[in-house]
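Undergrad: Using the sequences and the hints, build the whole thing.
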Amino acid sequence: ADDRPGAADLREILAELHSLRANFEQTVLDSEFVVDETASGEVAIKRPGRFRWDYSEPYEQVIVSDGETMWDYEADFEQVIVRPMDETLATSPAMLLSGEGDLEDSFVVEDEGMQGNLRWFQLRPRVQDTEFERIRIAVGEETVELMELRDNLGQTTRIEFHNIEFNPELPDDLFHFDPPEGVDVIRQ
Amino acid sequence: CAPFAPAPEEPPDYMAWEAHQRDLAMLQAWSLDGRVALRTPDDAWSASLRWSQWVDYMDFRLRGTFGIGATRVRGDPGWVVIENSRGETWQTAEPERELALQTGWQVPLGMLRWWIIGLPYPDEEPAYLAVNGGGQLSELHQGGWTIEYDRYETVDGLALPGRITVDNELEGVTLRLRVSEWVLGDRTGGPDFAGVDSQQGAWAVIPGQDQPDE
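Chains as they are written, first to last, in the numbering used here: chain A, 2 to 189; chain B, 403 to 616.
The set of hints was computed from the structure by calculation and includes no laboratory data. Glycine included, each C-beta is placed from N, C-alpha and C at the ideal position. Be careful, since some hints might not be right.
[Claimed, not checked] Chain A side only, calculated, beta carbon under 7 Å to chain B, not exhaustive:
| no. | residue |
| --- | --- |
| 1 | Val29 |
| 2 | Phe34 |
| 3 | Glu58 |
| 4 | Asp130 |
TA: In structure tokens:
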């Protein structure tokens, strides 16, 4: 694809995204594009660096970051793993939307143009051994509505947002996790 | 002592256990989807697990949050290929050693393959074995590991573990596993299994067998 001003446009779109709340559906497709796993829940994002992914299906899991610390809580195992936010998550969907800095530092951004009513961008990592081989982001009228992340096993994680609240007011304590009574807290 | 005596559990039913072992031995192919939480002295993570088994051929896939850190182990006990989502691959006869290096996973797959369906590892005498009132394994000590079977569910008439804890006190390793779905293959005893399940997608026939033409 010719090098239309994809990067600048995507940067602008993301710059306008200060916060977001939505329902999400996560589908993981294996290399033959057969549905391998589906999950859903609610997501809240507040830039920079804060996010909260409340998975309700198929398992209750909460992943929260206040920008410095990340909590990964699994209700069924009554366990929460607490670890500092680190770069391994830098290319994860969570960080892509809530991360600081410029996507172009780590990705070559290309404009794939309109497909239906979504505008698609393709991101290829500049560094080789990253988690994801290719990422695509689709933007609707207001903001990002869909992300596809393909890893080097040929698996694609597809995350689609519904009922999007664009730039809502989100309290900071939403991005903190207090473990319920009796939960095993594992510090990494 | 306990303020009240716990409800007496049903006495172990060893007769039913014999029958249950025979049923499980007929199971040539199975696949499970579940969640695992691993804890070792220097690491802790949770992931989703898809494990498919055709007699001795294993397809074992771990996937972290947001699909990050996916690792796949395929092969039979003698030789496996390990791939991860960063595009690295290894071939080895000792998957455990490589898996431990790459992901911290230390539970022996060759044994877990039997424990996970509710059987002791056949090639070694268990140090301890307890059976519940339904004739299923409730606890097992083998190879330095303690396996507790917290819950069973019935799938196509066969009781299979819904929740197990695998613990190695010496190494300080605990693996908790919860199965959200079991899918069972052909149990007529024949090794030539072919399973096509639209919801799960086509399963490969056992390598070396020809694919039935639909």
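Undergrad: Each hint: holds or not?
TA: Structure-based check of all given hints:
Here the hint on A:Val29 is kept, as its CB sits about 5 Å from the closest CB of chain B, short of 7 Å. Interface restraint check for A:Phe34: the shortest CB-CB distance to chain B comes to about 9 Å, outside 7 Å, so the restraint is violated. For A:Glu58, the shortest C-beta to C-beta distance to chain B is roughly 10 Å, which exceeds 7 Å, and the interface hint is violated. With a least beta-carbon distance of about 5 Å to chain B, the hint placing A:Asp130 at the interface is held under the 7 Å criterion.
The earlier numbered hints that this structure contradicts are 2, 3.
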